[in-house]
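Knowing the structure of chain P, use the given hints to seat chain C on it.
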Amino acid sequence: EDQVTQSPEALRLQEGESSSLNCSYTVSGLRGLFWYRQDPGKGPEFLFTLYSAGEEKEKERLKATLTKKESFLHITAPKPEDSATYLCAVQEVNNAGNMLTFGGGTRLMVKP
Amino acid sequence: DAGVIQSPRHEVTEMGQEVTLRCKPISGHNSLFWYRQTMMRGLELLIYFNNNVPIDDSGMPEDRFSAKMPNASFSTLKIQPSEPRDSAVYFCASVAGLSNEKLFFGSGTQLSVL
Chain P
450 EDQVTQSPEA
460 LRLQEGESSS
470 LNCSYTVSGL
480 RGLFWYRQDP
490 GKGPEFLFTL
500 YSAGEEKEKE
510 RLKATLTKKE
520 SFLHITAPKP
530 EDSATYLCAV
540 QEVNNAGNML
550 TFGGGTRLMV
560 KP
Chain C
7 DAGVIQSPRH
17 EVTEMGQEVT
27 LRCKPISGHN
37 SLFWYRQTMM
47 RGLELLIYFN
57 NNVPIDDSGM
67 PEDRFSAKMP
77 NASFSTLKIQ
87 PSEPRDSAVY
97 FCASVAGLSN
107 EKLFFGSGTQ
117 LSVL
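First to last, the sequence lines map onto chains P and C. Letter by letter, the first sequence follows residues 450 to 561 of this note's numbering. Letter by letter, the second sequence follows residues 7 to 120 of this note's numbering.
Calculated directly from the structure, the hints in this document are not laboratory data. Treat each hint with caution, since some may be false.
What the hints assert, rightly or not - Simulated restraints on C-beta separations:
hint, chain 1, residue 1, chain 2, residue 2, range
1, P, Pro529, C, Asp69, 39 to 49 Å
2, C, Asn58, P, Pro561, 39 to 49 Å
3, P, Tyr500, C, Gly34, 16 to 26 Å
Claimed, not checked - Here are the simulated lysine-lysine pairs, DSS-like style, with alpha carbons at most 30 Å apart:
hint, chain 1, residue 1, chain 2, residue 2
4, P, Lys506, P, Lys560
5, P, Lys560, P, Lys491
6, P, Lys518, C, Lys108
7, P, Lys560, P, Lys508
8, C, Lys74, P, Lys491
9, C, Lys108, P, Lys491
10, C, Lys108, P, Lys508
11, C, Lys74, C, Lys30
12, P, Lys560, P, Lys528
13, P, Lys518, P, Lys528
14, P, Lys508, P, Lys491
15, C, Lys108, P, Lys528
16, C, Lys74, C, Lys108
17, P, Lys491, C, Lys30
18, P, Lys517, P, Lys506
19, P, Lys512, C, Lys108
20, P, Lys508, P, Lys518
21, P, Lys491, C, Lys84
22, P, Lys528, P, Lys512
23, P, Lys506, C, Lys108
24, P, Lys506, P, Lys491
25, P, Lys518, P, Lys506
26, C, Lys74, C, Lys84
27, P, Lys560, P, Lys512
28, C, Lys108, P, Lys517
Heads up, the beta-carbon is just placed ideally off N, CA and C, and yes, glycines get one too.
Same shape as in the complex, but just chain P (with noise of 0.2 Å):
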């Protein structure tokens, strides 16, 4: 069974203070692996995928790599619109279409 264990739960920054959100996962193939970004109230919204192991993608404060056996968003001197729950997502090779599993979530917060 796939398992998806991201950490810390919780994280507390102060505006400026870059550091890394962890998602480690236990699949038998891997096909694709999800970080999302959810708001209170809303449904998460999709950041980055990564395929293999080695890859790297950003998009502004956030930057997400991949190895064979977890993954790393870092955020570089976020600001407080940073602040939501960071999902990380498992797709395996031998899930139907795009099934999707996933981690019990980070919640950044970050404090002017």
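Structure of chain C alone, referenced to chain P:
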């Protein structure tokens, strides 16, 4: 495009009542997913449709839950009878294509069963 549209946004009901949640996927998307989100269990996949056909319903918790997709633009998730442990946020998501495509989520329905 208006995105994935879910209704109602909030539903409060009493134990034993029937609850119907509704979803309109993005036009042109051929796959639709129902997820449930709770603090304890996070986001759980309930059921997945492709071209209006249920492909995987292994996440549906029990027979009290049922889902339909009568056409490409509408899906329902029904709980009958509802129980307090069904209280959660229910999300609908849609996607175009077969795999590796990003899911678009609706804003969810906050269900409270008293």
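Here is what the structure says about each hint:
1. Pro529(P) to Asp69(C): 39 to 49 Å: Since the Cβ atoms of proline 529(P) and aspartate 69(C) sit about 46 Å apart, the hinted range of 39 to 49 Å holds.
2. Asn58(C) to Pro561(P): 39 to 49 Å: 48 Å, holds
3. Tyr500(P) to Gly34(C): 16 to 26 Å: The hinted range 16 to 26 Å holds for tyrosine 500(P) and glycine 34(C), with Cβ atoms some 24 Å apart.
4. Lys506(P) to Lys560(P): Holds - the C-alpha atoms of lysine 560(P) and lysine 506(P) are around 25 Å apart, at most 30 Å.
5. Lys560(P) to Lys491(P): With Cα atoms ~21 Å apart, lysine 560(P) and lysine 491(P) stay inside 30 Å; holds.
6. Lys518(P) to Lys108(C): Between lysine 518(P) and lysine 108(C) the Cα gap is close to 21 Å, so the pair holds against 30 Å.
7. Lys560(P) to Lys508(P): At roughly 21 Å apart (the allowed maximum being 30 Å), lysine 508(P) and lysine 560(P) satisfy the hint.
8. Lys74(C) to Lys491(P): 24 Å, holds
9. Lys108(C) to Lys491(P): It holds: about 17 Å lies between the C-alpha atoms, which stays within 30 Å.
10. Lys108(C) to Lys508(P): 16 Å, holds
11. Lys74(C) to Lys30(C): Given that 30 Å is the threshold and the Cα spacing comes to 12 Å, the pair holds.
12. Lys560(P) to Lys528(P): 8 Å, holds
13. Lys518(P) to Lys528(P): Roughly 29 Å between the alpha carbons, so the hint for lysine 518(P) and lysine 528(P) holds.
14. Lys508(P) to Lys491(P): Between lysine 508(P) and lysine 491(P) the Cα gap is close to 21 Å, so the pair holds against 30 Å.
15. Lys108(C) to Lys528(P): 25 Å, holds
16. Lys74(C) to Lys108(C): 23 Å, holds
17. Lys491(P) to Lys30(C): 16 Å, holds
18. Lys517(P) to Lys506(P): With a Cα-Cα distance of about 16 Å, the restraint between lysine 517(P) and lysine 506(P) holds, given a limit of 30 Å.
19. Lys512(P) to Lys108(C): Status holds; Cα separation ~18 Å.
20. Lys508(P) to Lys518(P): 22 Å, holds
21. Lys491(P) to Lys84(C): This hinted pair holds, its Cα atoms lying about 21 Å apart.
22. Lys528(P) to Lys512(P): Distance of about 15 Å is within 30 Å: holds.
23. Lys506(P) to Lys108(C): Distance of about 15 Å is within 30 Å: holds.
24. Lys506(P) to Lys491(P): 24 Å, holds
25. Lys518(P) to Lys506(P): 17 Å, holds
26. Lys74(C) to Lys84(C): 8 Å, holds
27. Lys560(P) to Lys512(P): 20 Å, holds
28. Lys108(C) to Lys517(P): The given pair, whose Cα atoms are some 21 Å apart, holds under the 30 Å limit.
Comparing the model with each earlier hint shows no violations; every hint is respected.
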